[in-house]
Amino acid sequence: MGTQRLDFAEFYREVKDECLFTVVLSVGDRDTAQDLVDEAFARAWASWRTVGRHPAPAAWVVRTALNAGISRWRRRRREVAVPDLALVADRPAADGGVGGPVDPTIMAALLRLPVRQRQVVALRLFLDLDTAGTAQVLGIAPGTVQAHLGRAMAALRYDLTPTRQENPS
Amino acid sequence: MNDNELITALREQRGKVPMDTPVEQIIRRGRAVRARRRLPGVAGALGAAAAAAFAVSMVLPASHSASEPGAQLAAWTVARQADGSIQVSIRELRDPAGLQRTLRADGVPASVTFTGQQNLVCQGYPGSGSQSQRRQLLGSVVTGPAGRDALVIHPSALPSGGGLQIYVSSQNRGPDGSFQVAVRLVQASPGCTGS
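Top to bottom, those sequences are chains L and U.
Numbering-wise (the working numbering), the first sequence opens with residue 1 and increments by one.
Numbering-wise (the working numbering), the second sequence opens with residue 1 and increments by one.
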């Protein structure tokens, strides 16, 4: 039991921020995301004997969080066309963030993407899953993952390049 | 900006939205998950209790005055405490308008929905501080078990022109079956909080 706790605690410490960030990008609301990720980690702890042997336990957590909140974010997607940037971006580094607060320009660009594209970007770039793993988490075909990622990168490049040229800092 | 620069810029954001839930809290919640799985009999008992509560709710009025300390309904309870705070407990998602009226009558500009959908007219309270500061402000207005079906509102801590948006969905349940109550500090307005 003690070993189990230690392993879980280590896993939690290592991946919690990436998991939260991935889910934040999906739901567009930090509080909702944190509740979903809390629940997902709690379920991971409850099944740690199995989840601890999963090839990508962080992906398991994210998938569980997304499944737990799927109706919530579907509803949110219908109601709120653009997620509230202030709910995810306005977070001071003093709270424990790494290297300062999030870049509001980048976060705004990410949150302007369609939900599925945001999820693919988050899983591929922030959780470092490969195409097959991303496809498995989202329950879509690998080719669809690549298509979403390609569109998302094009949109982000379009969104961010002019702004970053104007503000090179 | 090429793809590598873009990916680097994006990845720099990773970890900048820190998750601050202590692992001990996760483990406590995990224990609740385990308990729920291991005791199917408890689920049956809870179901019977819920059915009984529903039966009671059918014969009780759907609203009440907050000035009756400890008054209790099957659907929800609003009870003013000696220190001026207001305790709200939600057991069933019925009569949100009644709860809204009760809170407003008790001096809390509030918008209450039980559909999980927020009143879209409501605007976030225009605080100038960071999210952390705004969260702290909300924490002074509303206390109690976070995300649970009971909360304590401190009307005296509401900032000028501020109100509360309370929304609950039957689909959002905690590990112990309690409703997850979402509360947001909003700008009081006729369309949102009634004043």
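The set of hints was computed from the structure by calculation and includes no laboratory data.
Treat each hint with caution, since some may be false.
To be verified - Restraint ranges, calculated between C-beta atoms of paired labels, are given here:
(1) L:150 x U:31: 24 to 34 angstroms
(2) L:105 x U:136: 18 to 28 angstroms
(3) L:54 x U:154: 35 to 45 angstroms
Said to hold, decoys possible - A few chain U residues that face chain L, going by a derived Cβ cut-off under 10 angstroms, partial list only:
(4) 1
(5) 17
(6) 29
(7) 92
(8) 184
(9) 187
In this text the structure is predicted, and so the values were computed from the model without any measurement.
Think of the CB as a built atom: it goes at the ideal place given N, C-alpha and C, for glycine as much as any other residue.
(request) Using Cβ atoms only, decide whether residue 184 of chain U comes closer than 10 angstroms to chain L, and label the hint accordingly. (result) 9 angstroms, holds
(message) Assuming the hint says 24 to 34 angstroms, is it satisfied by the Cβ distance from residue 150 of chain L to residue 31 of chain U or not?
(response) Check failed, 44 angstroms falls outside 24 to 34 angstroms.
(message) Just to be sure I understand the hint, the distance between the Cβ atoms of residue 105 of chain L and residue 136 of chain U should be within 18 to 28 angstroms; is that true here?
(response) 26 angstroms, holds
(request) Using Cβ atoms only, decide whether residue 187 of chain U comes closer than 10 angstroms to chain L, and label the hint accordingly. (result) 13 angstroms, violated
(request) Against chain L, run the beta carbon of residue 17 of chain U and see if the smallest gap drops under 10 angstroms. (result) 5 angstroms, holds
(request) Closer than 10 angstroms between Cβ atoms is the bar; does residue 1 of chain U clear it against chain L? Give me holds or violated. (result) 5 angstroms, holds
(message) Interface hint check: residue 92 of chain U, Cβ to nearest Cβ on chain L, cutoff 10 angstroms. Holds or violated?
(response) 19 angstroms, violated
(request) Starting from the range 35 to 45 angstroms, see whether the pair residue 54 of chain L and residue 154 of chain U falls in it by beta-carbon distance. (result) 44 angstroms, holds
(message) residue 29 of chain U was flagged as interface toward chain L. Is the shortest Cβ-Cβ separation under 10 angstroms?
(response) With a closest approach of 4 angstroms, the residue 29 of chain U hint holds.
Hints 1, 7, 9 from the earlier list are contradicted by this structure; the remaining hints agree with it.
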